[in-house]
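**Student:** Chains as they are written, first to last, in numbering that gives the first Met the number 0: chain A, 0 to 131; chain B, 0 to 324.
Among the hints, erroneous ones may be present.
[Said to hold, decoys possible] Some chain A residues flagged as far from chain B (calculated, every beta-carbon gap over 10 Å): (1) G31; (2) N47; (3) S130.
[What the hints assert, rightly or not] Just a few of them, taken from the derived set where beta-carbon distance is under 7 Å, the chain A residues facing chain B: (4) P48; (5) S74; (6) M77; (7) V113; (8) G115; (9) I127.
If you're looking for bench data, these hints aren't it; they were derived computationally from the structure.
The beta-carbon is built from N, C-alpha and C at its ideal position, and this holds for glycine as well.
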Amino acid sequence: MKKISFFALFPLSFIFSPLVYAHHSGAMFDGGSVVEVTGKVKEFQYTNPHSWLLVDVTNEDGSVTTWGFEAEGPSTLMRAGIRKSALPPGTAITIRGNPMKDGRSAAAWIDAMVDGETINPRNGFAVIPASE
Amino acid sequence: MGSHIELMNFRFFFFVISAFSLFLPATSLWAQDALTWQDKDDNWPAKKATLQSFGEQFASSMDLYKALEQAADGGESLDWDDMAKAPYDWSGIYTRTGGGLSFDPDIRGNEMTAQLTSAGAATRQRKIDQIDSTGGEYDPISDCRPPGFPRWATEPFLHEFIVTPEQTWLVNEMVNDVRRVYTDGRDHTLPEDAYASANGDTIGFWHDDMLITHTMYLYSGQYQRGTQPDYSDQVEVVERWRKVNGNTLEADYWVFDPVNLSQPWYSRQSWTELANEDNFLRIRYWDCQENQNNDIIEREDGTSQFPDFDFIENDAEVSNDEAVR
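Pulled out of the complex, with its shape left as it was, chain A reads as follows (with noise of 0.2 Å):
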């Protein structure tokens, strides 16, 4: 039971931090460093409030490590433009984000290379008017 993987924890993480309650604050994130991987998507879990997109990355190893890049929930992910059928499993993607600040292999998803073209979830909060 307790042989799990790191993502099965993570999500579960917060709750015993005294930062628990504040991960809207974006606290558990270091916004002044930057990650960068390459690897394959394996999961976009695209929900309410906040979305995840699961990310396995091959180490020089062999290994590989899944890392996790949250973003913010469905609407605003459809905002700037990234819809659930963007980034299907087996998906090539290289993604930055604001790494965890105890080293842990997720970040706040910043941007992301997909097929060449760059998709960034923060344009979500930007205001698109409908005509009058």
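Fit chain B to the known structure of chain A by using the hints.
**Tutor:** Just chain B now, with coordinates in the frame of chain A:
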């Protein structure tokens, strides 16, 4: 004789003034632009100051609301035919136009436009100190608890606004949050039967294409995270909503809180209808149990609600998984 005529003239003048004064409250409201919409333009700072001063004339939110209601002759009755008219067509998906995490969208960061009491200032300082010392703060929305009102006005994400003749629903996507404004002429819940809630009890009336509301019976809360101040459970709010063009809703807010505010806090809130040509933007259910906001519940046997996680130090011995044993 001359002095008698002067006395008569004075009495007549006094009578006219006295009679006129009977209508002064309503007249003065109109004259003070209280019921005339002020566009947010280059002259906005001066207009905003006027609207702030206007609110400060009233000792309570109810005094303000009743004055507006009286000046509007109790408001206008709408019917379903009216719903097709532009001022009442609030359909579409909206989001907050701007303002970030500031209750007053005209300010940024640590700026303040609220006039706090000493108690309100002390509460805010404790909040700032807490953030400085821990790097974080408790936010009820992390548990999918409601942000509460008036913080409701500052929340991002998607909104819908549904106007009907007798109720208007103000919907925030986040935590499935709906405010109901009763415009059918009912009054607030009687004080002896009232109970507090996150969004309180809201009544309103329509006047000149504007929806004027009054909200009370609220929980205490914070206007937003960070350096934004707190409000007490005595907070009450008067709003004045208007669709100012084809894709923008705006609302004047006068927040009264005798505990934390020395004067009512005026701000102009705004929501913009989003482009949604493919109709993909839809408000969905918001459930914190779906992902990383999960709380872990430890059962008596040390397991949790998650099959891959338990609280048992050496669980190999008790595992049902033969491979683990």
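**Student:** Each hint needs a verdict: does it hold in this structure or not?
**Tutor:** For each hint, the structure was consulted:
Every CB of chain B is more than 10 Å from the CB of A:G31 (nearest about 13 Å), matching its label as outside the interface. Non-interface status of A:N47 relative to chain B is broken: a Cβ of that chain comes within 10 Å, the nearest being about 4 Å off. Taking the minimum C-beta to C-beta distance to chain B, about 7 Å, the non-interface status of A:S130 is violated against the 10 Å cut. For the restraint placing A:P48 at the interface with chain B, the shortest Cβ-Cβ distance is roughly 6 Å, inside the 7 Å limit, so the hint holds.
For A:S74, the interface hint holds, since its Cβ comes within 7 Å of a Cβ in chain B; the closest pair sits about 5 Å apart. For the restraint placing A:M77 at the interface with chain B, the shortest Cβ-Cβ distance is roughly 5 Å, inside the 7 Å limit, so the hint holds. Annotation: A:V113 was flagged as interfacial toward chain B, and the flag is violated, the nearest CB pair being 19 Å apart, outside 7 Å. The criterion of a C-beta within 7 Å of any C-beta in chain B is not met by A:G115, whose closest approach is roughly 24 Å, and the hint is violated.
Annotation: interface hint on A:I127 holds; nearest CB of chain B at approximately 5 Å, less than 7 Å.
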